[in-house]
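4 protein chains.
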Amino acid sequence: MKAAFAELIRNLHAKGWSPATSTNYSFIDEHQQCWVSRSGVHKGVFSEQDFMTIDNTGIGTGMFHGTKPSDETQIHLWIYNNFPEAKVILHSHGKYPVLISQFNEDFFPVQGYELQKGFKGCKSHLDSIEIPIIDNQQDMTVLCQALDVKKLAIQHHCFIIAGHGTYAWGADLFEAQRHLETLDYLCECEFLL
Amino acid sequence: MKAAFAELIRNLHAKGWSPATSTNYSFIDEHQQCWVSRSGVHKGVFSEQDFMTIDNTGIGTGMFHGTKPSDETQIHLWIYNNFPEAKVILHSHGKYPVLISQFNEDFFPVQGYELQKGFKGCKSHLDSIEIPIIDNQQDMTVLCQALDVKKLAIQHHCFIIAGHGTYAWGADLFEAQRHLETLDYLCECEFLL
Amino acid sequence: MKAAFAELIRNLHAKGWSPATSTNYSFIDEHQQCWVSRSGVHKGVFSEQDFMTIDNTGIGTGMFHGTKPSDETQIHLWIYNNFPEAKVILHSHGKYPVLISQFNEDFFPVQGYELQKGFKGCKSHLDSIEIPIIDNQQDMTVLCQALDVKKLAIQHHCFIIAGHGTYAWGADLFEAQRHLETLDYLCECEFLL
Amino acid sequence: MKAAFAELIRNLHAKGWSPATSTNYSFIDEHQQCWVSRSGVHKGVFSEQDFMTIDNTGIGTGMFHGTKPSDETQIHLWIYNNFPEAKVILHSHGKYPVLISQFNEDFFPVQGYELQKGFKGCKSHLDSIEIPIIDNQQDMTVLCQALDVKKLAIQHHCFIIAGHGTYAWGADLFEAQRHLETLDYLCECEFLL
Numbered sequence: 001m002k003a004a005f006a007e008l009i010r011n012l013h014a015k016g017w018s019p020a021t022s023t024n025y026s027f028i029d030e031h032q033q034c035w036v037s038r039s040g041v042h043k044g045v046f047s048e049q050d051f052m053t054i055d056n057t058g059i060g061t062g063m064f065h066g067t068k069p070s071d072e073t074q075i076h077l078w079i080y081n082n083f084p085e086a087k088v089i090l091h092s093h094g095k096y097p098v099l100i101s102q103f104n105e106d107f108f109p110v111q112g113y114e115l116q117k118g119f120k121g122c123k124s125h126l127d128s129i130e131i132p133i134i135d136n137q138q139d140m141t142v143l144c145q146a147l148d149v150k151k152l153a154i155q156h157h158c159f160i161i162a163g164h165g166t167y168a169w170g171a172d173l174f175e176a177q178r179h180l181e182t183l184d185y186l187c188e189c190e191f192l193l
Numbered sequence: 194m195k196a197a198f199a200e201l202i203r204n205l206h207a208k209g210w211s212p213a214t215s216t217n218y219s220f221i222d223e224h225q226q227c228w229v230s231r232s233g234v235h236k237g238v239f240s241e242q243d244f245m246t247i248d249n250t251g252i253g254t255g256m257f258h259g260t261k262p263s264d265e266t267q268i269h270l271w272i273y274n275n276f277p278e279a280k281v282i283l284h285s286h287g288k289y290p291v292l293i294s295q296f297n298e299d300f301f302p303v304q305g306y307e308l309q310k311g312f313k314g315c316k317s318h319l320d321s322i323e324i325p326i327i328d329n330q331q332d333m334t335v336l337c338q339a340l341d342v343k344k345l346a347i348q349h350h351c352f353i354i355a356g357h358g359t360y361a362w363g364a365d366l367f368e369a370q371r372h373l374e375t376l377d378y379l380c381e382c383e384f385l386l
Numbered sequence: 387m388k389a390a391f392a393e394l395i396r397n398l399h400a401k402g403w404s405p406a407t408s409t410n411y412s413f414i415d416e417h418q419q420c421w422v423s424r425s426g427v428h429k430g431v432f433s434e435q436d437f438m439t440i441d442n443t444g445i446g447t448g449m450f451h452g453t454k455p456s457d458e459t460q461i462h463l464w465i466y467n468n469f470p471e472a473k474v475i476l477h478s479h480g481k482y483p484v485l486i487s488q489f490n491e492d493f494f495p496v497q498g499y500e501l502q503k504g505f506k507g508c509k510s511h512l513d514s515i516e517i518p519i520i521d522n523q524q525d526m527t528v529l530c531q532a533l534d535v536k537k538l539a540i541q542h543h544c545f546i547i548a549g550h551g552t553y554a555w556g557a558d559l560f561e562a563q564r565h566l567e568t569l570d571y572l573c574e575c576e577f578l579l
Numbered sequence: 580m581k582a583a584f585a586e587l588i589r590n591l592h593a594k595g596w597s598p599a600t601s602t603n604y605s606f607i608d609e610h611q612q613c614w615v616s617r618s619g620v621h622k623g624v625f626s627e628q629d630f631m632t633i634d635n636t637g638i639g640t641g642m643f644h645g646t647k648p649s650d651e652t653q654i655h656l657w658i659y660n661n662f663p664e665a666k667v668i669l670h671s672h673g674k675y676p677v678l679i680s681q682f683n684e685d686f687f688p689v690q691g692y693e694l695q696k697g698f699k700g701c702k703s704h705l706d707s708i709e710i711p712i713i714d715n716q717q718d719m720t721v722l723c724q725a726l727d728v729k730k731l732a733i734q735h736h737c738f739i740i741a742g743h744g745t746y747a748w749g750a751d752l753f754e755a756q757r758h759l760e761t762l763d764y765l766c767e768c769e770f771l772l
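Residue numbers (this note's numbering), protein chains in the order written: chain A, 1 to 193; chain B, 194 to 386; chain C, 387 to 579; chain D, 580 to 772.
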């Protein structure tokens with residue numbers, strides 16, 4: 001799992017979705033242990049050794065005891081707590097969702113694309129979909145409160161943080177990647193239009 | 194053949210033409226057996242084992258007996274039935290044809306490009322070419338009826354499904370790829386203009 | 387030389403500069419023998435075996451006796467005859483020069499870019515440069531006559547054929563590549579503006 | 580260090596940030612020796628042998644005695660003299676900063692992006708950042724005088740030269756790359772808007 005995830009992270013970097021040392025990633029293993037990507041590692045050289053274990057408050061455990069992961073780990077924990085089906089979370093800085101958030105305030109509306117069926121549960125290009133957009137915050141507690149308010153609107157396993165990037169998740173690596181790629185593609189098409 | 198086709202599928206994915214688990218592919222082998230790409234496989238890791246045999250109603254046969262491929266297999270069968278020269282079919286979600294379909298309703302008109310000679314039978318950049326655009330449908334029977342209506346207008350070995358993607362085919366892998374790349378390039382140029 | 391050239395051709399294809407089976411390439415070896423890329427080979431798999439020898443009328447010689455290369459070989463011969471410093475010629479279908487030719491009729495004007503110094507002989511970003519644009523023709527004799535008329539205006543080792551692509555050349559592979567990349571970059575910047 | 584730096588240079592080339600033979604790179608090793616990339620090497624094949632030692636006037640030393648590196652070496656020396664924390668300098672011709680410099684004269688203003696935190700010292704997306712833009716010059720003495728004038732405004736470890744490209748630096752390879760990628764991403768987002 002860690003090897004496959006590290007390879008995916010390197011591939012997402014190759015697409016330009018994690019410039020600088022931005023973005024972070026996590027998963028829950030078969031023992032319900034949460035692993036997150038370590039802070040400050042360049043995603044182009046991310047390896048399976050770059051995941052660390054955390055407890056349910058977001059503090060490093062075991063051989064990572066005392067190590068602090070990225071502040072945004074709080075967002076990962078919020079997602080796992082509120083969407084129990086989530087076992088893998090991907091955070092991307094792909095530029096199209098960031099650009100879309102400059103034109104839309106509360107949510108990104110999509111309709112008419114076959115690819116929206118990439119979101120689990122969406123069955124037709126005719127469905128009207130809304131992807132919530134959350135205001136960016138440096139204070140993760142405030143950001144998670146904003147997520148609490150919009151929780152019911154998060155129906156497609158992903159959301160956008162304005163001027164920042166996207167979070168997408170799934171029951172496994174494959175589904176999380178599918179949701180992320182679906183959201184990015186739809187943002188790119190709508191932005192180019 | 195299967196190895197070369199699987200490599201092409203991975204290359205098309207690397208171009209961003211099959212985001213999420215979208216797109217599907219098929220070919221007819223030298224024994225007139227039809228093979229289609231299995232459903233739900235991520236195209237970035239597609240291998241020659243990911244093709245399955247089907248009968249002429251689109252149901253899995255042999256060791257794939259009972260397995261159901263993608264619903265869009267019906268479109269592949271429609272193409273093989275109506276264009277006997279087709280032996281390889283490529284379906285792509287490249288974004289430029291999708292974007293073009295937002296500006297054109299019935300067909301995509303092209304003229305003045307040297308590259309349009311990439312379509313078999315087209316001899317000059319001065320030819321006026323029209324690539325049919327079909328409305329998207331979730332019901333494949335309805336979609337194939339729409340194809341029946343436009344059949345005579347399909348003169349360049351490809352068509353666009355609005356908001357969805359393209360189908361392109363040829364007598365071999367090489368020709369099908371040429372038709373697909375030609376259509377995508379022309380859509381990109383016209384969209385950027 | 388042939389191995390290095392074949393690798394460059396595959397790299398140019400990876401950039402999307404030779405969609406379908408478009409584009410062609412040539413060089414003159416140390417015995418003054420002219421070699422051209424064989425017709426119809428997909429550039430993504432071009433190998434050193436895919437070059438053929440031709441005589442000075444553009445007909446295959448030696449083991450390629452009687453084989454006819456692409457019609458555009460006449461353009462290569464025109465360049466070698468008129469620009470004796472040319473030993474390597476690259477023809478690209480990169481989309482930005484094609485798009486630029488929709489906005490400019492006779493020439494593409496450039497000024498103010500540091501990168502224009504990539505053209506041999508250009509010493510400053512303040513120089514005003516003009517890259518000739520030639521009307522596209524299917525009849526190579528007519529196209530070469532148009533080149534004759536514009537010959538004096540071809541001062542930067544390259545020209546654009548409208549709706550078609552670019553030709554760029556140099557005293558070696560390295561210089562020809564530099565001229566091609568310079569032209570494409572300048573076309574992209576000006577088009578995006 | 581040289582091997583890792585050469586690999587980074589090839590990766591930056593693969594992104595299209597060093598077309599033709601443009602761009603140059605340098606670092607200061609643990610003995611305070613300055614190394615610069617040799618002039619005229621294509622960045623797609625840059626190797627660790629392509630760095631040369633220079634003295635503090637920019638002239639080759641040791642086995643490179645008498646070899647002259649690129650004129651722009653003067654800009655590297657200016658940066659090392661004025662920003663002592665700089666140990667690695669990257670110069671890029673990525674097109675977005677070049678395009679941004681056509682719309683902004685004195686500086687490129689940024690605000691509202693999470694990724695601006697990629698600049699060391701920037702703590703919030705709410706910070707208002709200004710990246711200085713310097714007029715391009717062929718005379719490096721004149722260019723460095725313009726840099727002297729703007730020195731206090733250079734607060735984010737990078738600047739843009741109009742119509743030319745960017746310089747970014749850091750205490751190590753990793754930080755310099757982070758600053759370069761951050762600047763390019765912000766320029767791309769703002770240009771696309």
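Keep in mind that the hints were calculated from the coordinates and are not lab data.
One should not assume that every hint holds.
Computed list of lysine-lysine pairs in DSSO-like fashion (alpha-carbon distance at most 27 Å, straight line) [what the hints assert, rightly or not]: (1) A:K15 x B:K310; (2) A:K2 x A:K120; (3) B:K310 x C:K506.
Listed below are several chain D residues computed to face chain C (Cβ distance under 8 Å; list not exhaustive) [said to hold, decoys possible]: (4) A583; (5) V677; (6) N715.
Chain A stretches covered by chain B per the calculated footprint, using a threshold of three residues with CB under 8 Å from any CB of chain B [unchecked claim]: (7) 87-93; (8) 120-128.
Where a beta carbon is used, it is the ideal one built from N, C-alpha and C, also for glycine.
- [ ] Check each numbered hint from earlier against the structure, then list the numbers of those it violates in ascending order.
- [x] Result: hints 1, 3, 4 and 7 break, sorted rising.
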